[in-house]
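Asks: Since the structure of chain A is provided, determine the placement of chain B on it from the hints.
There are 2 protein chains.
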Amino acid sequence: MIKLSSRENPEIKRLASLLSSRREREEAGLFVVEGMRIALDAAEAGLTAETAFFSESFWQRRPEECGRIAAVADRVVLLEDSLAQRIGDTKTPQGVFALCRRPAPDLSAFDGAGRYVVLSSLQDPGNVGTVIRTACALGLSGVVLSADCPDVYSPKVLRSTMGGVFTLPVWVADDLPAAIARLRQGGGAVAAAALTETARPISRRGTPGVRSVVIGNEGNGLAPGVIACCDRSIILPMARPGQSLNAAVAAAIFMWELAAPAGE
Amino acid sequence: MIKLSSRENPEIKRLASLLSSRREREEAGLFVVEGMRIALDAAEAGLTAETAFFSESFWQRRPEECGRIAAVADRVVLLEDSLAQRIGDTKTPQGVFALCRRPAPDLSAFDGAGRYVVLSSLQDPGNVGTVIRTACALGLSGVVLSADCPDVYSPKVLRSTMGGVFTLPVWVADDLPAAIARLRQGGGAVAAAALTETARPISRRGTPGVRSVVIGNEGNGLAPGVIACCDRSIILPMARPGQSLNAAVAAAIFMWELAAPAGE
Chain A
198 MIKLSSRENP EIKRLASLLS SRREREEAGL FVVEGMRIAL DAAEAGLTAE TAFFSESFWQ
258 RRPEECGRIA AVADRVVLLE DSLAQRIGDT KTPQGVFALC RRPAPDLSAF DGAGRYVVLS
318 SLQDPGNVGT VIRTACALGL SGVVLSADCP DVYSPKVLRS TMGGVFTLPV WVADDLPAAI
378 ARLRQGGGAV AAAALTETAR PISRRGTPGV RSVVIGNEGN GLAPGVIACC DRSIILPMAR
438 PGQSLNAAVA AAIFMWELAA PAGE
Chain B
198 MIKLSSRENP EIKRLASLLS SRREREEAGL FVVEGMRIAL DAAEAGLTAE TAFFSESFWQ
258 RRPEECGRIA AVADRVVLLE DSLAQRIGDT KTPQGVFALC RRPAPDLSAF DGAGRYVVLS
318 SLQDPGNVGT VIRTACALGL SGVVLSADCP DVYSPKVLRS TMGGVFTLPV WVADDLPAAI
378 ARLRQGGGAV AAAALTETAR PISRRGTPGV RSVVIGNEGN GLAPGVIACC DRSIILPMAR
438 PGQSLNAAVA AAIFMWELAA PAGE
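In order, the protein sequences belong to chains A and B. Offset between the first sequence (1-based) and my numbering: plus 197. Offset between the second sequence (1-based) and my numbering: plus 197.
Bound-form chain A, shown alone (with noise of 0.2 angstroms):
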């Protein structure tokens, strides 16, 4: 088995750059995940490694689910704790990597039978994971994304998810208006999460015949130009004038309205 201890090693400098770099993510088809809980739903998911690292002393501490992530890994490298100390992005490194590959997106569940959310130019990564955590805990039927929101695969959206990213078909989508057009295939509205003027409070009733939300960028909102793709607007009442929500809260009491509306 080979084991490493610098730095300076190009496996190591390969690593490094996967966790930090959207780009070199998706020229690789890779991304890295770390942490012992997130690298077993991973494998749970049936998600394939080129690569499992884990740090010496995490190998003989847990060998039953060291045994389980390599599994799935095509090689296992060692590191030293000391490097291992010292990559990753968390602030106490468990010295778990797994080097995935990514799934090839679904698409065949965003045919508009289901449920769904969509995020159009978020901005916070800690936003879009959890998000995804929400979605997949309430039973949407997929997340679609805007090219221009943070990175899936980037270890602040993955820890965010919970693993919720392995389970819940995520589509991250070129064409957003293209995208919204799919989703109404099925006979659902489509509603922005937006204050316009014919922006009706969704209620404890249920918001009937939508489907899926559009949730916007957390300072700026939705443009106008993704409004004009949805059915209708829709908007959370708020107490007291001049509040808001937090996007990843607004989203997810408006998945809670759509998952199971009233009646059903």
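It should be emphasised that the hints constitute simulated quantities derived from the structure, not laboratory data. Do not rely on the hints blindly, as some may be mistaken.
When chains are identical, the list treats them as one kind, so a pair holds in a single copy or across two.
[As the list claims (entries may be wrong)] Result set (DSS-like, lysine-lysine): computed pairs, CA atoms no more than 30 angstroms apart in a straight line: (1) Lys210 with Lys200; (2) Lys210 with Lys288; (3) Lys288 with Lys353; (4) Lys353 with Lys210; (5) Lys353 with Lys200.
Replies: Coordinates of chain B only, in the frame set by chain A:
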């Protein structure tokens, strides 16, 4: 007007220690708001400041806003731009700091007549701030925190509340069981968000009689002793086994259901 240029100045050192230390904040009865928007929110909410600090360039560029913040401060101190860039908790400092006086907690709001969210042993400052922001926007009557939650007046919590902490009553309760008993005085039930044997899923039909919900630690949930203080346990049904929600997201959905139950 005083103008400071050195990080070694005692006033700057004090500002830095009030930004970083909960104990310093509690002993001084002060806290620091950083940034124009939140300083204006504090001023509009009726808070007063011992000192308002502005970078020279901000003072020249935004005289109107500086004036509104300075109007609630006993004194104004200008900072050389190079100094203003080196203090503070944000990545891109605006050069605005207000040393505000902590308001006395208004416990009359916690008489049990309203709807409340209780946070027990939360860990993440962003979650605490997001819950306060959400509670404010959804029209809850107040937020109760156990004493071991992150400090509400830390820079990160303040930022995440988006000013909500200045308008919504917040009670840091040394005795959480006593606080929960107080919330029950108005006749409403207090529910623990906890997967116990008798826990019932909340539904779109509302949670009859429940006016308060208690949310536990991100990793460990609620302690049995806290659950025992509550009238019942409620959960959010998960669509997929093993999935969970971020604590602030779960709190938001519970609050959404509490804020305006079915039929209201």
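Asks: Against this structure, judge whether each hint is valid.
Replies: Each hint, compared with the structure:
no.: 1; hint: Lys210 with Lys200; verdict: within (15 angstroms within a copy, 47 angstroms between copies)
no.: 2; hint: Lys210 with Lys288; verdict: both (19 angstroms within a copy, 27 angstroms between copies)
no.: 3; hint: Lys288 with Lys353; verdict: both (12 angstroms within a copy, 17 angstroms between copies)
no.: 4; hint: Lys353 with Lys210; verdict: within (19 angstroms within a copy, 33 angstroms between copies)
no.: 5; hint: Lys353 with Lys200; verdict: within (27 angstroms within a copy, 41 angstroms between copies)
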